[in-house]
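J.: Once you know that position 49 of the sequence shown is 49 in this note's numbering, the rest is easy, because the numbers rise by one and skip nothing.
Read the hints as simulated data drawn from the structure, not as lab findings.
For every residue, glycine included, the Cβ atom is placed at its ideal position computed from N, Cα and C.
Do not rely on the hints blindly, as some may be mistaken.
Pairwise CB distance ranges, derived in the manner of DEER restraints [claimed, not checked]:
no.: 1; residue 1: E90; residue 2: P49; range: 14 to 22 Å
no.: 2; residue 1: I18; residue 2: L64; range: 26 to 34 Å
no.: 3; residue 1: A76; residue 2: V51; range: 40 to 48 Å
no.: 4; residue 1: R22; residue 2: D67; range: 13 to 21 Å
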Amino acid sequence: MRLARSLKLHPPPPTATIERYRSLAMVSVFRVPRSVEVTVIPEDREVGPVVATAVISKLIDEILISDMLASELKIAIEDPARGLWRFSDEPLDKLRRGPSQIP
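Can you make the complete structure from the sequences, with help from the hints?
T.: The following block contains the structure:
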């Protein structure tokens, strides 16, 4: 929610819709189509921006990206538990470490 507020996506703008998803319980989210531009900026290159749809939940306190957005940004997850990834156009042995926390 803190990130949604800083991006001026909460309270939801008029373009937002409410959607319901079933997981362990029924959850409602705000979906704001084409509302953010996402760029990956590690130390040696920049990929993006990619226009994406924000999905905002009051229950989730992590920033997640979809498989489609990861693909558009050329992100290849190599070891999710250790936070290792690379760009899909890089050699297999060029592993990057994800940040421990995104502001």
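J.: Indicate, hint by hint, whether the structure satisfies it.
T.: Right, here's what the structure says about each hint:
1. E90 x P49: 14 to 22 Å: Holds, since E90 and P49 (Cβ atoms, about 20 Å apart) stay within the stated range.
2. I18 x L64: 26 to 34 Å: 19 Å, violated
3. A76 x V51: 40 to 48 Å: 21 Å, violated
4. R22 x D67: 13 to 21 Å: 19 Å, holds
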